[in-house]
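If you read the sequences in order, they're chains F and V. The opening residue of the first sequence carries number 0 in numbering that gives the first Met the number 0; numbering runs sequentially from there. The opening residue of the second sequence carries number 0 in numbering that gives the first Met the number 0; numbering runs sequentially from there.
The hints are simulated quantities; they were obtained by calculation from the structure and are not laboratory data. No false leads were mixed into what you were given.
The list treats identical chains as interchangeable, and a pair is accepted whether it falls inside one copy or across any two copies.
Simulated crosslink set (SDA-like; lysine to any residue; CA at most 20 angstroms straight-line): (1) 193 x 234; (2) 258 x 369; (3) 269 x 292; (4) 193 x 403; (5) 102 x 142.
Number of protein chains: 2
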Amino acid sequence: MARIVMKFGGTSVADLDRIRNVARRVQKETALGNQVCVFVSAMAGTTDQLVGWVEQMSPLHDAREYDTVVSAGEQITSGLLAIALQDIGVPARSWLAWQIPFKTNKVHSAARIEDIGVDEIIQRMDDGIVCVMAGFQGISDDNRITTLGRGGTDTSAVALAAAIGAERCDIYTDVEGVYTSDPRIVPQARKLDKITYEEMLEMASLGAKVLQTRSVAMAMNHKVRVQVLSSFTDKPGTMVVDEDEIVEKQVVSGIAYAKDEAQVILVGVKNKPGIASNVFSLLADGNINVDMIIQNETEDGKKTDITFTVPENDLDKAEKILNSAGNIEFDNLITDPNVVKISVIGVGMRSHAGVAATMFKTLADKGINIQVISTSEIKISVLIEADYAELAVRALHTAYGLDSE
Amino acid sequence: MARIVMKFGGTSVADLDRIRNVARRVQKETALGNQVCVFVSAMAGTTDQLVGWVEQMSPLHDAREYDTVVSAGEQITSGLLAIALQDIGVPARSWLAWQIPFKTNKVHSAARIEDIGVDEIIQRMDDGIVCVMAGFQGISDDNRITTLGRGGTDTSAVALAAAIGAERCDIYTDVEGVYTSDPRIVPQARKLDKITYEEMLEMASLGAKVLQTRSVAMAMNHKVRVQVLSSFTDKPGTMVVDEDEIVEKQVVSGIAYAKDEAQVILVGVKNKPGIASNVFSLLADGNINVDMIIQNETEDGKKTDITFTVPENDLDKAEKILNSAGNIEFDNLITDPNVVKISVIGVGMRSHAGVAATMFKTLADKGINIQVISTSEIKISVLIEADYAELAVRALHTAYGLDSE
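In isolation and in its complexed conformation, chain F is listed as follows (with noise of 0.2 angstroms):
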């Protein structure tokens, strides 16, 4: 008998049909022998609606508060889960954070797991309950409701599957997996039967909206095997898992790709030690997340330019904090928010030559500028103009040999 846990987002709970259907689709699960705990998120358009009200009510509110509101949708989603389940014979209840409780630090609304209590949830499971728990929300120590961020669900689900030890935690959504590319833009994209941590991680980090970040480190650190699928077919969906599982390695498993990022270039830079860290430590501390860095010293070494890229949310204050800091001395700074990070994502390259190569080669040929590169392990970032995204995504989709026939 498995532990099995489920996560159901707010398409798959979005109005009564739609819970009834994840009913039967836990019923399902149970069926098979498994005990099975189920987290679901607010009904699709809830938290935007409640999220709308408290940003309406005040721009500046009280996280604390926001907190309160937006955890409501969950609530109702559980209870309604629970008795769609009795009504169809199987035995549920729900559960909130603060009854279970699922401890966490006071970051309000955007809250770090530290601790959950599992001894009555794997009782209850053992007495044949399904277990139905509120997702996103948690309880900090001074006894008031946090969230986990946007899409925390996921980091919900995640996190309680590693601490009963769940055999798989399965994310229902509304697409059938993870595919090579964004079948919007690539027609020809194929779903993947498995993928690995490292790479869902980039994927998802990078654009690839089908699960949220952290719930991906989250199952890598405790080597939870996730299932990511779609609530609206029968179809198996991708197993994102540990490496040591995947025997045939794709050299390239996927290319993402990210809009919203703005590129800036500081011009003239004087060269000292330590100008590098007054950059960013200077942006850290606005809370501006920077991705690619390049820095080139000019021939004479006396001046730098450094080129990076920051959420083009951020653009405006990133270029506020430069343009007033005392200890950075430039010519010039240039920001263009009309960019788009592309990213070539594989466990593979790491044992295979000429991924880069292919890369660059295949934009090359198609009179694509590239503006800045970045790379890691299992990853290669090219940053280049908005306008050839869809046109460099489809054909490196293409040149990697990642088309479905």
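Following the hints, put chain V in place on chain F, whose structure we already have.
Quick look at chain V alone, frame taken from chain F:
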């Protein structure tokens, strides 16, 4: 520095602008130097929607899950009001029932309050914080959310007012106070400046749906001064107070009516000791509230007719119970859902003769037949044909001199 409890119903918090309006009313109260605790209902329509979802999901739903779902409405409003207060510079925070804790028994959906943890609330009020409370909800000793029944936020507010020794409990609603009769039927109805607990209790239980009946009984038991007033005007409302506070007592304070009653006549019941007890025990076991009761013996004393009223919703159930009862013999069961109960209420009638006579004469003059009469110390109720309801109420309102000039 007085402690004031304020309660705002669903129409008073129906949207963000109205919640901002509530925040300004609270601010006025704090500006007077008072310590304030505010209870809020769910935004108008929210509870109906949540109840609808639960009932559609399963008519025979688990009341514990029902409570989990429907209590979410008050949670949302409490957070939004705390944000609205902070936004205009009033220090505030929200509390949910489990955070207070607001302890109740385990009778889900109709729970009774057992104990309220007031220490933190009093401390925070002393610190100058407005305490915003989600009404209607409680927590049972097995750590699950309970609710107090529809209209329960009135009871939440009065209970806390009693527990913290508040000087006043202001119940804000969409009417300006308690009227001598329903203004929709009697255009000459007047707002009462004061009314006694006893009268209000009769009014509330007779269909004047301004306050939840339980809240009035609780206010009476704990001598909490309750004010009913509108959140949409700045006029003073109606104070519900102890009889001692009313110097000039009205003989009759109001005319109430209740349309949701049905009459049941058991004809030719074999007259033996304990027969009435048998009838009403069976109905009580079926959770049916019986109201007016009359028993007449036949001439020979061998048989008796028993007449009583039940809520119209429970009429079918009452018929089934009586027809299948083994220990009651009767000739015939007659039911009539087409009745209305009209009541004349006033503490002054204790010391005034002729109040009943005026009622009967007034109805007779209009040609209205009285089917059943029942009286208490401060109330005379009659059952008449439903079609005559408005005519009777208006005639009595005039007869007792209640019409406004």
